[in-house]
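Number of protein chains: 2
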Amino acid sequence: MEPNLHPYVHGRSDRESERLHYQASRLAGLLHWDTHYLPGNRVLEAACGVGAQTVILAENSPGAEFVSVDISPESLARADKRIRTEGVKNVTFRQGDIFHLPFRKESFDHVFICFLLEHLSNPLLALEKMRDLLKEGGTITVIEGDHGSALFYPDSRYAHQVIDCLVEIQRQMGGNAMIGRELWHLLNDAGFTEVTVSPRQVYADSSRPENIEGVRNIFIAMVEGVRKQAPTGSLIDAETWEKGIRDLYRTTEKDGAFSYTFFKAVGVKEGR
Amino acid sequence: MEPNLHPYVHGRSDRESERLHYQASRLAGLLHWDTHYLPGNRVLEAACGVGAQTVILAENSPGAEFVSVDISPESLARADKRIRTEGVKNVTFRQGDIFHLPFRKESFDHVFICFLLEHLSNPLLALEKMRDLLKEGGTITVIEGDHGSALFYPDSRYAHQVIDCLVEIQRQMGGNAMIGRELWHLLNDAGFTEVTVSPRQVYADSSRPENIEGVRNIFIAMVEGVRKQAPTGSLIDAETWEKGIRDLYRTTEKDGAFSYTFFKAVGVKEGR
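Residue numbers (this note's numbering), protein chains in the order written: chain V, 77 to 348; chain C, 77 to 348.
Simulated from the structure, these hints should not be mistaken for laboratory data. Heads up, some of the hints might be wrong.
Remember, identical chains collapse to one label, so a pair may be satisfied in a single copy or spanning two.
Stated by the list, open to error - No more than 30 Å apart at the CA atoms, straight line, and that leaves these computed lysine-lysine pairs for DSS-like:
#1 Lys-330 with Lys-157
#2 Lys-330 with Lys-211
#3 Lys-165 with Lys-330
#4 Lys-319 with Lys-304
#5 Lys-304 with Lys-165
#6 Lys-304 with Lys-205
#7 Lys-205 with Lys-330
#8 Lys-319 with Lys-165
#9 Lys-319 with Lys-211
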């Protein structure tokens with residue numbers, strides 16, 4: 077395990093950075109097609125990580141001005157490099173803790189969050205902090221996965237055990253890998269109005285080779301990756317782990333099938 | 077339990093018939109919008125039950141000629157009454173066992189199956205029989221649910237236990253309530269080509285009251301209904317059952333969320 081000031085269940089290796097960029101580009105259509113900000117809008121991207129979503133967001137709204145923050149300077153350095161490589165000009169990066177951001181209240185038109193709440197022990201507080209930073213009438217967009225949505229053929233209890241292992245380690249680190257289903261109540265509880273949640277399902281079988289590749293390189297790689305980040309010894313024995321990972325790959329063979337659902341929520345900060 | 081020559085996990089009561097018609101009309105858009113048959117086409121609907129899907133199918137393809145079969149004369153009588161009430165003219169009902177249908181080989185342009193395979197101990201054989209009845213170049217359309225896709229907030233192990241109870245009883249009766257994920261391999265194994273599977277997800281929270289009503293009147297009613305059809309004593313104790321049903325209803329309250337996925341598959345009988 078690499079030294080890490082800000083623990084993150086998936087780690088911050090080169091391989092993980094590649095996985096995140098691959099994930100973002102593969103899922104860009106499904107997750108981001110309906111997110112467009114108007115020219116001149118100031119948008120806060122909270123917890124941009126290595127900038128995997130940032131490139132897509134910024135390119136989808138070329139007239140908007142993005143401020144993308146992350147707690148990890150290493151991740152921000154990667155994000156900055158990425159943005160320069162892609163020639164994206166409408167993004168400013170800032171290092172900061174999303175619970176203590178150095179911005180004035182009501183200084184953003186919109187807030188965007190992707191794959192963040194699942195790692196927080198207090199996602200509701202994070203949403204309330206974001207609400208403070210929004211102007212009245214501004215929107216928040218939140219995208220999260222839900223590992224409880226993973227459904228596959230052939231089904232396998234070993235495969236479920238390795239997924240449960242990731243869920244449990246993420247829980248021990250304060251997170252919730254099954255938070256997608258909670259976006260509805262979380263955004264309402266945080267005081268947002270006109271909340272709408274839309275599930276975004278990815279289905280893969282061998283008639284869709286690009287989706288099968290996504291299952292391997294995004295989902296299974298993520299599950300496998302946890303083993304390098306956290307000791308799994310007390311949760312699962314080595315043999316079960318190997319069986320579970322093997323059975324997950326088995327679902328990507330010719331007769332296999334795999335389904336996973338992301339949840340996207342949008343809420344409004346109502347004027348008083 | 078009513079006397080029943082042809083056991084069916086959900087039974088054939090008036091209430092169940094109403095549930096099926098409600099389900100069909102609520103899900104018509106989601107499940108059937110992309111099924112249209114050309115004028116003059118002869119379409120076999122295998123296991124039409126009380127005609128819940130038949131009305132929708134026939135109205136979506138007014139020029140096609142439907143032959144809708146079911147093993148249960150009681151169900152067919154209900155279906156016939158329903159069709160007459162709706163004024164639908166392009167349907168003929170026939171009683172028969174789908175494994176021994178009195179039709180010539182290659183006598184149908186298309187076959188349509190909805191919520192049937194989940195109740196069969198040999199779904200592959202059923203598909204092969206349907207393939208025999210299809211003309212070359214004809215299509216089969218299959219729609220099935222998958223109870224493993226049920227995902228909800230608040231999550232509850234009791235709720236999962238009552239769902240598992242239905243799954244187990246259906247398994248004991250020879251069926252598979254988690255067959256949706258298997259449509260890809262089943263249609264391929266049965267020799268169909270150009271198979272495409274598309275998941276159809278229903279998501280409900282209180283911003284979508286009609287979907288919340290659907291969760292109550294379709295999914296939870298189905299789970300509750302099993303208790304009248306089959307002894308659950310050895311599978312679940314009364315207290316856990318009550319808790320599970322209560323927790324399922326709990327997901328339909330103001331802050332709750334519920335998601336379920338149906339799978340629709342289409343395959344072609346290739347010319348030799």
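Hints, one by one, checked against the model:
1. For a Cα distance limit of 30 Å, the shortest separation of Lys-330 from Lys-157 qualifies neither inside one copy, at 38 Å, nor across copies, at 45 Å.
2. Taking the shortest Cα distances, Lys-330 and Lys-211 sit within 30 Å of each other only across copies (27 Å), while inside one copy they are farther apart (51 Å).
3. Taking identical chains as interchangeable, the C-alpha atoms of Lys-165 and Lys-330 are never at most 30 Å apart, the minima being 43 Å within one chain and 43 Å between chains.
4. Taking CA atoms no more than 30 Å apart as the test, Lys-319 paired with Lys-304 passes inside one copy only; the shortest distance there is 17 Å, against 39 Å between copies.
5. Taking the shortest alpha-carbon separations for Lys-304 and Lys-165, neither the intra-copy value of 35 Å nor the inter-copy value of 65 Å comes in at or below 30 Å.
6. In this assembly of identical chains, the alpha carbons of Lys-304 and Lys-205 never lie at most 30 Å apart, being 32 Å within a copy and 50 Å across copies at closest.
7. In the homo-oligomer, the alpha carbons of Lys-205 and Lys-330 lie at most 30 Å apart only across protomers (24 Å), although the nearest pairing inside one protomer, at 47 Å, exceeds that limit.
8. Taking the shortest Cα distances, Lys-319 and Lys-165 never come within 30 Å of each other, neither inside one copy (46 Å) nor across copies (55 Å).
9. In this homomeric assembly, Lys-319 and Lys-211 never come within 30 Å of each other (Cα to Cα): the closest approach is 51 Å inside a single copy and 44 Å across copies.
The structure is inconsistent with the numbered hints 1, 3, 5, 6, 8, 9, although it conforms to all the rest.
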